[in-house]
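A.B. asks: Protein sequence lines correspond, in order, to chains A and B. With the working numbering applied, the first sequence corresponds to residues 1 to 498, in that order. With the working numbering applied, the second sequence corresponds to residues 1 to 89, in that order.
I should point out that these hints are in silico values taken from the structure, not numbers from a laboratory. Some hints here could point you the wrong way.
[As the list claims (entries may be wrong)] DEER-style ranges, computed between Cβ atoms:
1) B:Ala63 to A:Gly466: 52 to 58 Å
2) B:Leu34 to A:Asp26: 44 to 50 Å
3) A:Ile460 to B:Gly27: 56 to 62 Å
4) B:Arg56 to A:Phe450: 15 to 21 Å
5) A:Ile266 to B:Gly24: 26 to 32 Å
6) A:Ile70 to B:Gly35: 18 to 24 Å
[To be verified] A few chain A positions that, by computed beta-carbon distances, are all more than 10 Å from chain B:
7) Ala66
8) Ala74
9) Trp121
10) Glu439
Virtual Cβ for every residue (Gly too), placed ideally from N, Cα, C.
Next come the chains, spelled out residue by residue.
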Amino acid sequence: MTVSLVTSLLAQAPTPEELQEQISLDSQILTEQFYFYTVVVMWLIHVGFMAYEGGASRRKNVMSTAMKNILTIAVVTPTFYYFGWYIYGCFEEGWPKDGHDSPTVEGLDFLVGFCQNTAPWAAQMGPNLSDHVSAVFFLAFLLFSWTTASIMSGAVIERIRLSAFLILAALLGSAVWIMDAAWGWSSGGWLVTRFGFHDSIASLVVHGVAGAFALGVLLNLGPRIGKYRHDGLARSFRGHNTHLTLMGLLLIFTGFYGFYAACLVIQSTTFPGWLNIYGSPTTLGAIAFVITIGFAGGFTGGWFASKGDPFWTLSGGLAGVISVSAGADIYHPSLAYLLAISGGMVAVWSGNYIEKKLRIDDAVGAVAVHGVCGFYGVLLVGIFAGGFPTGVNQVESSFGGQLMGMLAFLPLAFLPGYVASWILKKFNLLRVPPEVELEGLDLAEFGQDFFPEFERVPEIVIEPDGREVESAPVLLEAYWQTSTNGRAETPVGTGERS
Amino acid sequence: MFDAFPFDDWAEATAEFWTFGGEGSTGTYIMTVLGVAAMLMAFVGFVILENRKLARQAAVLKASGALDRPAVAGVVTTTTTIITTDPEA
Chain A
1 MTVSLVTSLL AQAPTPEELQ EQISLDSQIL TEQFYFYTVV VMWLIHVGFM
51 AYEGGASRRK NVMSTAMKNI LTIAVVTPTF YYFGWYIYGC FEEGWPKDGH
101 DSPTVEGLDF LVGFCQNTAP WAAQMGPNLS DHVSAVFFLA FLLFSWTTAS
151 IMSGAVIERI RLSAFLILAA LLGSAVWIMD AAWGWSSGGW LVTRFGFHDS
201 IASLVVHGVA GAFALGVLLN LGPRIGKYRH DGLARSFRGH NTHLTLMGLL
251 LIFTGFYGFY AACLVIQSTT FPGWLNIYGS PTTLGAIAFV ITIGFAGGFT
301 GGWFASKGDP FWTLSGGLAG VISVSAGADI YHPSLAYLLA ISGGMVAVWS
351 GNYIEKKLRI DDAVGAVAVH GVCGFYGVLL VGIFAGGFPT GVNQVESSFG
401 GQLMGMLAFL PLAFLPGYVA SWILKKFNLL RVPPEVELEG LDLAEFGQDF
451 FPEFERVPEI VIEPDGREVE SAPVLLEAYW QTSTNGRAET PVGTGERS
Chain B
1 MFDAFPFDDW AEATAEFWTF GGEGSTGTYI MTVLGVAAML MAFVGFVILE
51 NRKLARQAAV LKASGALDRP AVAGVVTTTT TIITTDPEA
């Protein structure tokens, strides 16, 4: 009896192979859940961008501003599904030299054939009971793509056509940034395997590239009507709800924790622990240290450099984090704190320079905060983390390698933004008609005011000397000076000095 | 022990019924082409529809005279934000 019971129990007990198989499945499912919830948290980035830009816009443009952020999802998602992800899978070596078997980099056997797995008709791109990871990994990258488009979105508010923005968003989110991610933000990227390029949490590959793309667009888009006086000095437009803007920034910061986590790789039965995107070991705690103290440093730097301006103090926090993201897996928190302070200051100074000296109307300082600080962050790794063995072939990071990445990504980002917006401008499809811009985009696009219960008060503009004046006469005067095709008389980027 | 739930059998059965076929099937290719076509048409639609709206509103605003330069140059008397709606919209 006893023998038969023991035999029966033993027969039901799992074999070591079965246990191994089950542990492997559990590990994959945990990975699946991990990436899924990073995506949930990253949605807050887009809620935040919408609130941030909506608050920074004047009342007459609030819904058209928000609609840009919402429809970003409508265009970047399908374009990224149909060709964006394929670009990431196939162009790590610069060109898929082995076709769909690419990438074939020595030491990266697990990546062979990744290219063919990213085509929209591949088994990994649909319901697949044997693959728990590919779909959620794709989704995490999709959220990064939305983010790049949202970064550009804030710079161009209050005068760009919605349709022009959507075309540019698809180009940036589903072609430009993902190409640079293939080159410098993947374990097989040629910048990584040859030059040890290190940008672990995407200072440059997301933020810097989106900022450079936005700069190219802004040069063709031109400033908002009335932004610059004849003598070239900049006026300020007061956003309709600064509180909403600040809350939006805090939501972006919350979403960043999901973004940071999604930049890491974890699967316990395949890898011994957390890896960064290059396959180098790190921990979730290490990057959490850096992001949190990066915000602290950035707020501090932004506050002092702007002399307490609330918008730039919070933007400084974003700039601080971006400045330390490239080395977030390496930096000691104290070093990250110091670097983030400098990043917050760099954002304020460069933002003022772009607005007042270059006379480029970047409505939310995106080029300074994301673009300048994104490039700055990668440069800092070359200075403070040179010698770190990056990636599976452990090429040492260096100032030269980081510079190589910057030189590759600046034209890769800037030129498509400039050329695409130039083409749209030539077809008169880039900017809204000046009459519509003056009246506000919401009435033209949606036929309604989105604060019907509030009395409409005269709009205010702040002159360079700090005086607050009613905007209607100022804007009408500027409108009368615009040509009939909507292009401002004051040349973009130069400003007309009398 | 782990086989108490017939996951493998069921998985095999359901895997044969992905909508219009699995990896690299004709159905999947057709769905991909249709999806890409819808995506491209959406872009064209965004451009055309918005262009119509903007052109109509700009024309209404110009016709209203609210944005015209006053007869005496340099004198601006506008004191309220301009709101003009299209009566036909």
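A.B. asks: Given the range 15 to 21 Å, decide if the beta-carbon distance of B:Arg56 to A:Phe450 lies inside it.
C.D. replies: holds, 20 Å
A.B. asks: Given a hint of 26 to 32 Å, does the C-beta separation of A:Ile266 and B:Gly24 actually sit inside it?
C.D. replies: holds, 30 Å
A.B. asks: With 10 Å as the threshold, tell me whether A:Ala74 passes as away from chain B on beta-carbon distances.
C.D. replies: violated, 7 Å
A.B. asks: Would you say the C-beta atoms of A:Ile460 and B:Gly27 sit inside 56 to 62 Å of each other?
C.D. replies: holds, 59 Å
A.B. asks: B:Leu34 and A:Asp26, beta-carbon distance inside 44 to 50 Å?
C.D. replies: violated, 38 Å
A.B. asks: Against the range 18 to 24 Å, how does the distance between the Cβ atoms of A:Ile70 and B:Gly35 compare: consistent or not?
C.D. replies: holds, 21 Å
A.B. asks: Taking 10 Å as the cut and beta carbons as the points, is A:Ala66 off the interface with chain B?
C.D. replies: Non-interface label on A:Ala66 holds, nearest chain B Cβ at 16 Å vs cutoff 10 Å.
A.B. asks: Checking a non-interface call: every C-beta of chain B should be farther than 10 Å from the C-beta of A:Trp121. Is that right?
C.D. replies: At roughly 5 Å from the nearest Cβ of chain B, A:Trp121 sits no farther out than 10 Å, so the non-interface label is violated.
A.B. asks: Holds or violated: 52 to 58 Å for the Cβ distance of B:Ala63 and A:Gly466?
C.D. replies: violated, 38 Å
A.B. asks: Is A:Glu439 truly not at the interface, in the sense that its beta carbon sits beyond 10 Å from all beta carbons of chain B?
C.D. replies: violated, 5 Å
Of the numbered hints listed earlier, those contradicted by the structure are 1, 2, 8, 9, 10.
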